[in-house]
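2 protein chains.
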Amino acid sequence: MHDHSQIDFETLLAGAALRVEAMLDALLGARPLPGEIDRPQRLLAAMRHGVLNGGKRLRPFLVMESAALIGADGEAVLRVAAALECVHSYSLVHDDLPAMDDDDLRRGQPTVHKAFDEAAAILAGDALLTLAFDILADPATELDARAKVELVGKLARAAGIGGMVGGQALDLAAERDAPDEAGIIRLQAMKTGALIRFACEAGAIAAGAPQADIERLAEFGSAIGLAFQLADDLLDHTSTPEAMGKATGKDAAAGKGTLVALHGEAWARRQLGGLVTQACDLVAPYGDRAAILMATARFVAERDR
Amino acid sequence: MHDHSQIDFETLLAGAALRVEAMLDALLGARPLPGEIDRPQRLLAAMRHGVLNGGKRLRPFLVMESAALIGADGEAVLRVAAALECVHSYSLVHDDLPAMDDDDLRRGQPTVHKAFDEAAAILAGDALLTLAFDILADPATELDARAKVELVGKLARAAGIGGMVGGQALDLAAERDAPDEAGIIRLQAMKTGALIRFACEAGAIAAGAPQADIERLAEFGSAIGLAFQLADDLLDHTSTPEAMGKATGKDAAAGKGTLVALHGEAWARRQLGGLVTQACDLVAPYGDRAAILMATARFVAERDR
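Line by line, the protein sequences are chains A and B. The opening residue of the first sequence carries number 1 in the numbering used here; numbering runs sequentially from there. The opening residue of the second sequence carries number 1 in the numbering used here; numbering runs sequentially from there.
Quick list of simulated restraints, FRET-style, between CB atoms: (1) 208(A) - 238(B): 56 to 64 angstroms; (2) 273(B) - 41(A): 33 to 41 angstroms; (3) 32(A) - 270(B): 25 to 33 angstroms; (4) 179(A) - 110(B): 26 to 34 angstroms.
No wet-lab data here; the hints were simulated from the structure. Positions of the beta carbon are idealized from the N, C-alpha and C atoms, including for glycine.
Could you build the full structure based on these sequences and the hints that come with them?
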């Protein structure tokens, strides 16, 4: 499974994760910023617990590599990547709450409401979501004001009722009332697809790409998002809690339909192959510069945790 | 207590509230916006329950009247006002949750987690916070991109760990460990002061005011914010649940210190008078145009619910 290029890719991903974590660590510093009255230290610790947890940082990586494809790799891109990871992390903190998915472990560590308490987890999530928009608007994120407004608007739309939050609401409803295939596809496009699509789009916007490139990278992101969810469903179907560092088989136990449950593993693996081809075709016009994004598409489809 | 000008002011406030509610109603429509995949209707209903609840709309009013003082009163200002009300409403939905203040009633109606469920209340709050930034960035909010970035950045900073969310964290901690006077002042400046200050600042920014006017209106907002909190503490100290439409005496019951508890009612009323004078002095240079903001300062200090 792990050929030489795969190992190189994981090294690259881990290196980017270190840069993102250093940025997140700096953004979650102890001292108040201008305009802040104070930073309550226990809330800050809960935010840090929710974010600085050894995640793969796939979404920030997609921001950075989409920007690099266009030719940008500066601090502003890294800040946009960190802002997106704040949104992803807040969603995990809230999804893990007892009133939602009720998970005690996340990547082998206690979830925020277990390590702190429920109120701290709710507020840490709220503060991380707010921080994402703070980072985008901050003068230290040196981008054109129009690019910033576009990033804020598209992030809000990808994360809000018409995207990620709405998808989580549909996911909770799916436990009571199993959706049909179209419903599953819509749920997944909202819950995980919208933010992964935004990651690629955001990299292009931050790099100042022309509209056609922004749209092409957004489409690449949509294909990656579908592949990510399908691979996730396959892992939930076949893996063990030990390998995943979290509970598995939960979807089946909760009576939730997945495309893997509907169509089987063989179909899912064929679909994954098709999505990787589609994603690679979308960035093929960029030639050699697209090699890393193509490797990312393969990694997302083939990952084993 | 209610002289003629007071009645006129309340009519004015109620009229502005109707405009804000019409805008919020439109922003929370059933149909997905461009870039949204779907709007799950139960989540939308929970958001609407949390926002369209007959609030006084004081913060939007401050946005609108601060903008009007500078000479702007268009749709963009109303949208900024609505965005701020989304943030205020989300904070009430989350603060009411069982893990936080555990309130069943808000303005005499069931809170969102009672009318729906806890998961819906968490997600509705998340979606309302996200919507606020969506509204500010939306092309339909016809403001200069730099003004939008400034609004996003200042709203995020007023609402995040260094402002409102941090204040709520300190407020919960205050039940275990009573803060001293400086701690109470800091807590209140964060929990309620920051967003009221932002309301006045935002009106000036949306109106394209020069920096000196933005700062003057922000200072006016800070004085109003202090007066608002002191009046709230006085009401909690002296009013009945029937008059308030929510539980009263909760701060004392929870062992939380307030400045009223520390210094007494007479001191608090003198302080309130001083804050109104300070606020009015700040906007006096604008002459007749400042009449409504001055009336707002008096209303905030003298309100009986």
